[in-house]
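J.: Starting from two chains that each stand alone, build the complex the way the hints lay out.
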Amino acid sequence: DAGVTQSPTHLIKTRGQQVTLRCSPKSGHDTVSWYQQALGQGPQFIFQYYEEEERQRGNFPDRFSGHQFPNYSSELNVNALLLGDSALYLCASSGGTSGRAYNEQFFGPGTRLTVL
Amino acid sequence: SQQGEEDPQALSIQEGENATMNCSYKTSINNLQWYRQNSGRGLVHLILIRSNEREKHSGRLRVTLDTSKKSSSLLITASRAADTASYFCATAPSGGYNKLIFGAGTRLAVHP
Numbered sequence: 007d008a009g010v011t012q013s014p015t016h017l018i019k020t021r022g023q024q025v026t027l028r029c030s031p032k033s034g035h036d037t038v039s040w041y042q043q044a045l046g047q048g049p050q051f052i053f054q055y056y057e058e059e060e061r062q063r064g065n066f067p068d069r070f071s072g073h074q075f076p077n078y079s080s081e082l083n084v085n086a087l088l089l090g091d092s093a094l095y096l097c098a099s100s101g102g103t104s105g106r107a108y109n110e111q112f113f114g115p116g117t118r119l120t121v122l
Numbered sequence: 004s005q006q007g008e009e010d011p012q013a014l015s016i017q018e019g020e021n022a023t024m025n026c027s028y029k030t031s032i033n034n035l036q037w038y039r040q041n042s043g044r045g046l047v048h049l050i051l052i053r054s055n056e057r058e059k060h061s062g063r064l065r066v067t068l069d070t071s072k073k074s075s076s077l078l079i080t081a082s083r084a085a086d087t088a089s090y091f092c093a094t095a096p097s098g099g100y101n102k103l104i105f106g107a108g109t110r111l112a113v114h115p
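Chains V and C supply the protein sequences, listed in that same order. Take 7 as the starting number for the first sequence in this note's numbering and just add one per residue. Take 4 as the starting number for the second sequence in this note's numbering and just add one per residue.
Some hints could be false.
Stated by the list, open to error - Label pairs and their in silico Cβ distance ranges: (1) Gly19(C) <-> Arg63(V): 41 to 51 Å; (2) Leu17(V) <-> Ser42(C): 10 to 20 Å; (3) Arg69(V) <-> Thr23(C): 35 to 45 Å; (4) Gly90(V) <-> Thr23(C): 45 to 55 Å; (5) Arg63(V) <-> Asn55(C): 39 to 49 Å; (6) Lys72(C) <-> Gly22(V): 44 to 54 Å; (7) Phe66(V) <-> Val47(C): 19 to 29 Å; (8) Gln24(V) <-> Arg44(C): 41 to 51 Å; (9) Gly90(V) <-> Ser42(C): 14 to 24 Å; (10) Gln62(V) <-> Ala107(C): 34 to 44 Å; (11) Lys19(V) <-> Gln17(C): 36 to 46 Å.
As the list claims (entries may be wrong) - Facing chain C, according to a computed beta carbon distance under 8 Å, are these residues of chain V, among others: (12) Ser13; (13) Ser39; (14) Ala44; (15) Gln47; (16) Gly48; (17) Pro49; (18) Gln54; (19) Arg61; (20) Phe70; (21) Leu94; (22) Glu110; (23) Phe113; (24) Gly114.
What the hints contain is simulated information worked out from the structure, not anything from laboratory work. Since the structure is predicted, the reported quantities are computational estimates derived from the model, not experimental observations. Ideal Cβ placement from N, Cα and C applies to all residues, glycine included.
Chain C on its own, in the form it takes in the complex (with noise of 0.2 Å):
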């Protein structure tokens, strides 16, 4: 069974509009990371945030993590075509070795 749930499990959105994917979990984790992955092709990482950050930045990306909700949001500022892919956040649970627990994605569909 997948741990995380991504919310929404589809997202169509204007080329410059903000996106914004939400991910949910039910154990504790070392860390939760957000991956992209382009029609069903390899994941590419995207960020890792690890269970004592709040928040993290990357280029146009934007990760917050509240452990207290067990919940992580990655938000896409001014999305461009080549964003559309399916986004997955994977969280390693704590006491493990690093093994990644994914969610069924959220589709990301940006149009110019």
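Isolated chain V (complex conformation) (with noise of 0.2 Å):
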């Protein structure tokens, strides 16, 4: 049973470019969050998406934007990329019963994003 998955490994863009994440979530889960961890910092909520709606957000601007697949898997999109969005970007994928459980969540290797 494949774990969360998520591509690309690494990434390099400069500034001002549009770059686009990939999350496959553990089989039998449902619902995706995706998590920004800058250096040396605990790991940021950006926003989860259950039913192919974001249902929750953190406290990221409007350039952070994602999409939920009909097989659960997700898409984070970052436009007009900026330095300080160089980062460890991770997906966490959880749910499987009615979404709203809380339970554990099983996070991706992560995609390692440098904007130059």
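T.: In structure tokens:
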């Protein structure tokens, strides 16, 4: 049973560009959350998707957007990249019941984004 | 802003010793989870403790939760070099949808 997978592993972009990161949840999970982890800090919640809708959002600007597909996989899009967007982007999946249950979240290996 | 705060920020011990990490948080929670992270890679889930639980064990791990003090502790017994990693506590606030709020983590170094 594959766990949470993310692609790509690493990505280098320049300021002003746009990027798309992808995530496939653990089998049986229907909820995907995205987190940003700057170097030396803990992850910060970006948003969460359930039933193809964004149902909760953290304190991130509208440049950060996402999508969830019918197979529960998800994308994170960041527009107009800034140097400060350089970070490890983590995807986590959970749920499998009502989607509201408070369960363990399982994380993928992350995508390391560098903005030059 | 991050809700949780881990203490200490860094911990250095010898193999075989016990390691204790503490976490404090600010709001009411549904559960608290501990994660391990090796060298900036993905987070590995260690243990989840719900707000109505006071103590939980998993192998060499023991987690306590004191909701009156809004604090938790993680004890790793008989540490091994392979336990060297960063450890994070994450809280799931009540009334939310299981979003997690992380602290800045404790960096644990276990020396052979």
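J.: If a hint holds in the structure, say so; if it does not, say that too.
T.: Here's how the hints hold up against the structure:
1. Gly19(C) <-> Arg63(V): 41 to 51 Å: Given a distance of about 45 Å, which is inside 41 to 51 Å, the answer is holds.
2. Leu17(V) <-> Ser42(C): 10 to 20 Å: 19 Å, holds
3. Arg69(V) <-> Thr23(C): 35 to 45 Å: 40 Å, holds
4. Gly90(V) <-> Thr23(C): 45 to 55 Å: 34 Å, violated
5. Arg63(V) <-> Asn55(C): 39 to 49 Å: 28 Å, violated
6. Lys72(C) <-> Gly22(V): 44 to 54 Å: Roughly 47 Å apart at Cβ, these two residues keep to the hinted range, so it holds.
7. Phe66(V) <-> Val47(C): 19 to 29 Å: Since Phe66(V) and Val47(C) have Cβ atoms about 25 Å apart, the given range 19 to 29 Å holds.
8. Gln24(V) <-> Arg44(C): 41 to 51 Å: 26 Å, violated
9. Gly90(V) <-> Ser42(C): 14 to 24 Å: 22 Å, holds
10. Gln62(V) <-> Ala107(C): 34 to 44 Å: 22 Å, violated
11. Lys19(V) <-> Gln17(C): 36 to 46 Å: Since the Cβ atoms of Lys19(V) and Gln17(C) sit about 43 Å apart, the hinted range of 36 to 46 Å holds.
12. Ser13: Violated, about 13 Å.
13. Ser39: Holds - the Cβ of Ser39(V) comes within 8 Å of chain C, reaching about 6 Å at its closest.
14. Ala44: For Ala44(V), the interface hint is violated, since the closest Cβ of chain C sits about 10 Å away, which is over 8 Å.
15. Gln47: 6 Å, holds
16. Gly48: 3 Å, holds
17. Pro49: Status holds, d = 5 Å.
18. Gln54: 6 Å, holds
19. Arg61: Nearest chain C Cβ about 6 Å off; hint holds.
20. Phe70: 15 Å, violated
21. Leu94: 6 Å, holds
22. Glu110: Because about 5 Å separates Glu110(V) from the closest Cβ in chain C, which is inside the 8 Å limit, the hint holds.
23. Phe113: 4 Å, holds
24. Gly114: Cβ of Gly114(V) sits 6 Å from chain C, so the hint holds.
Taken one by one, the earlier hints fail for this structure at numbers 4, 5, 8, 10, 12, 14 and 20, listed in ascending order.
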